[in-house]
Every structure is written in C-alpha cells, then in structure tokens.
Amino acid sequence: MKPITIPGTLASLSLLRDYARAAAAEAGLDKKRTYRLELAVDEIATNIVNHGYQEAGLTGDVVARATITAQALEIVLEDTAVPFDPRHLMRPEQIDLPLAERPIGGLGVFLAIENVDEFRYEYVDGHNRNIFVVNRTAA
Amino acid sequence: MAFSVTSETVNGIAKFTLVGELDAAAAGEFKAAIEQAAASQPKRVVLIMNALTYMASAGLRTLVFAKQKMGANVDIYVIGVQEAVRETIEMTGFHHSVIMLDTYDAAEIESV
Numbered sequence: 004m005k006p007i008t009i010p011g012t013l014a015s016l017s018l019l020r021d022y023a024r025a026a027a028a029e030a031g032l033d034k035k036r037t038y039r040l041e042l043a044v045d046e047i048a049t050n051i052v053n054h055g056y057q058e059a060g061l062t063g064d065v066v067a068r069a070t071i072t073a074q075a076l077e078i079v080l081e082d083t084a085v086p087f088d089p090r091h092l093m094r095p096e097q098i099d100l101p102l103a104e105r106p107i108g109g110l111g112v113f114l115a116i117e118n119v120d121e122f123r124y125e126y127v128d129g130h131n132r133n134i135f136v137v138n139r140t141a142a
Numbered sequence: 030m031a032f033s034v035t036s037e038t039v040n041g042i043a044k045f046t047l048v049g050e051l052d053a054a055a056a057g058e059f060k061a062a063i064e065q066a067a068a069s070q071p072k073r074v075v076l077i078m079n080a081l082t083y084m085a086s087a088g089l090r091t092l093v094f095a096k097q098k099m100g101a102n103v104d105i106y107v108i109g110v111q112e113a114v115r116e117t118i119e120m121t122g123f124h125h126s127v128i129m130l131d132t133y134d135a136a137e138i139e140s141v
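Going down the list, the sequences are from chains A and B. First residue of the first sequence? That's 4 in the numbering used here, and the numbers climb one at a time after it. First residue of the second sequence? That's 30 in the numbering used here, and the numbers climb one at a time after it.
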C-alpha cells in the first residue's frame with residue numbers, strides 16, 4: 004500500500020488508525036484483528052508523539068507503510084525522534100495491581116505487543132522503526 | 030469518529046456518556062469532565078459506553094485518574110461496553126477494579 008506521512012501530533016492519531024484499518028481491509032483481516040491492529044499502531048504512535056517528540060522538545064513526522072504478502076500484513080511506523088525501544092516500557096506484572104495503585108506508563112506498549120502476532124523494533128539510519136505483523140490466516 | 034463526553038451528577042451519582050473514539054488526543058476532555066464532577070464528591074461513578082467504539086490506553090489511564098481523584102471507595106460502573114473495548118479492559122485487568130454491567134441497573138447503582 005502507498006505509505007502515508009502524518010505530523011507527529013496527537014491530533015493525527017486517527018489518520019494512522021484509518022490507514023491501519025484500510026490496510027487490514029485490503030489484507031482481509033476480520034473485525035477483531037483489525038481493531039487490535041489499529042490499537043497497536045495507535046498506542047505506539049502515541050508514545051512516539053508524547054515521548055519521542057514532545058517531551059524531547061522535537062517536532063517531526065510519522066511515516067506508516069503497509070506491506071501485504073500471502074502470509075501476513077506488516078505495518079512499519081518510522082519516525083526521527085530520539086532512539087527509543089518501546090519494549091523497555093512493557094511491564095505486564097502491573098496488570099495485577101488494583102486501579103488506585105497503578106503507576107502510569109507501559110500500558111500502551113503492553114497492549115500494542117499483545118494485540119499483534121509479532122512486534123519488532125529497529126533503529127536504522129537515524130530512524131526508529133516500529134514493526135507490526137499480523138498473520139492473514141488465523142493463528 | 031470524534032469523541033464526546035456529556036456528564037451530569039444527580040443524587041451523588043456522576044454519570045458520563047462516552048461517544049466515539051477515546052484516544053490520547055481525546056483523553057484530556059474526558060479527564061476534564063471527571064475533574065469537574067469530582068468537585069461535587071459523588072458516591073458513585075457511572076460510565077455509559079454503548080456508543081464508545083474505540084478506547085486506547087489513554088482512556089484506561091483516565092479510569093485510574095478517576096479512581097484516584099474520586100477516592101478508592103467510590104465504585105465505578107462501566108455500562109454497555111462494546112466487545113472490542115471490553116477485550117482491552119479485560120486484557121489489562123481493569124475489569125477487576127470496575128463493575129461491568131450490560132445495562133444500567135438503577136436498583137443496584139442508586140441504592141447507596
């Protein structure tokens with residue numbers, strides 16, 4: 004699919020969800036897997052905008068690129084914010100804590116990783132690359 | 030679909046109706062509504078979610094905020110949540126900290 008470039012702002016998140024939804028439709032994913040992919044992409048993009056750009060005092064874009072093969076749909080999010088591997092934020096043990104005692108952070112990354120079949124991160128040539136893979140046949 | 034939240038507090042019950050997509054961009058609006066309702070120190074919080082089609086972790090964090098703001102002894106009822114949103118709530122364990130009901134049960138909620 005043709006990639007899209009959106010400004011790295013929270014207001015643009017819905018455009019990324021639209022892109023993920025369109026890619027999922029093209030790959031023939033069902034409603035549930037489509038929603039999960041949208042959520043995963045949205046959560047990581049939220050981290051890129053909040054932590055990668057805004058908190059670091061940077062501005063920049065997020066590029067989304069979907070590739071569909073016979074086996075899987077892969078979406079790559081690329082940004083030029085500070086190098087950041089979101090997997091470091093994943094703390095699944097927190098989900099057992101009562102609501103009033105929960106620390107903030109890590110929840111979005113947990114949801115992102117849990118909701119796709121494969122999640123990868125790379126830092127290449129000054130770009131963060133967050134990669135989401137969803138199998139086209141039910142696992 | 031854009032997000033909207035309407036709220037009213039009647040007899041100590043703060044009721045919020047959430048519509049559309051609750052992502053990180055929209056969470057501030059929900060948080061502001063919670064903050065405003067917290068001022069009247071409600072005894073219960075009710076979130077009507079039948080028309081909420083999407084919720085990201087920013088929405089879940091607002092539930093944490095609500096619990097911390099209103100007090101741990103103020104029950105939060107989540108009503109009519111859609112299947113996909115329910116899955117997110119359960120995946121993150123939040124269903125242990127709120128009361129999930131399919132429909133608004135006045136007898137249970139309003140008997141304070």
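Keep in mind that the hints are not guaranteed to be accurate.
[Said to hold, decoys possible] According to the in silico footprint, chain A covers these stretches of chain B (three or more CB under 8 Å from chain A):
1) 43-56
2) 74-81
[To be verified] Calculated Cβ distances over 12 Å to all of chain B for the following chain A residues:
3) D64
4) V79
5) R90
6) L114
7) R132
These aren't lab readings, by the way, just hints derived from the structure by calculation. The beta-carbon is built from N, C-alpha and C at its ideal position, and this holds for glycine as well.
Here's how the hints hold up against the structure:
Only when three residues or more bring their CB closer than 8 Å to a CB of chain A does the claim for the stretch 43-56 of chain B stand; here the count is 4, and the claim holds. As drawn, the stretch 74-81 of chain B meets chain A at 0 residues by the rule of a beta-carbon pair under 8 Å; below three, the given contact is violated. Listed as outside the interface, A/D64 is consistent with that label: its C-beta sits roughly 17 Å from the nearest C-beta of chain B, beyond the 12 Å cut-off. Taking the minimum C-beta to C-beta distance to chain B, about 20 Å, the non-interface status of A/V79 holds against the 12 Å cut.
For A/R90, the non-interface assignment is confirmed: its Cβ lies about 16 Å from the closest Cβ of chain B, beyond the 12 Å cut-off. With a cut of 12 Å on Cβ distances, A/L114 falls inside the contact zone with chain B, its closest approach being about 6 Å. Residue-level check passed: A/R132 sits 21 Å from the nearest beta carbon of chain B, beyond 12 Å.
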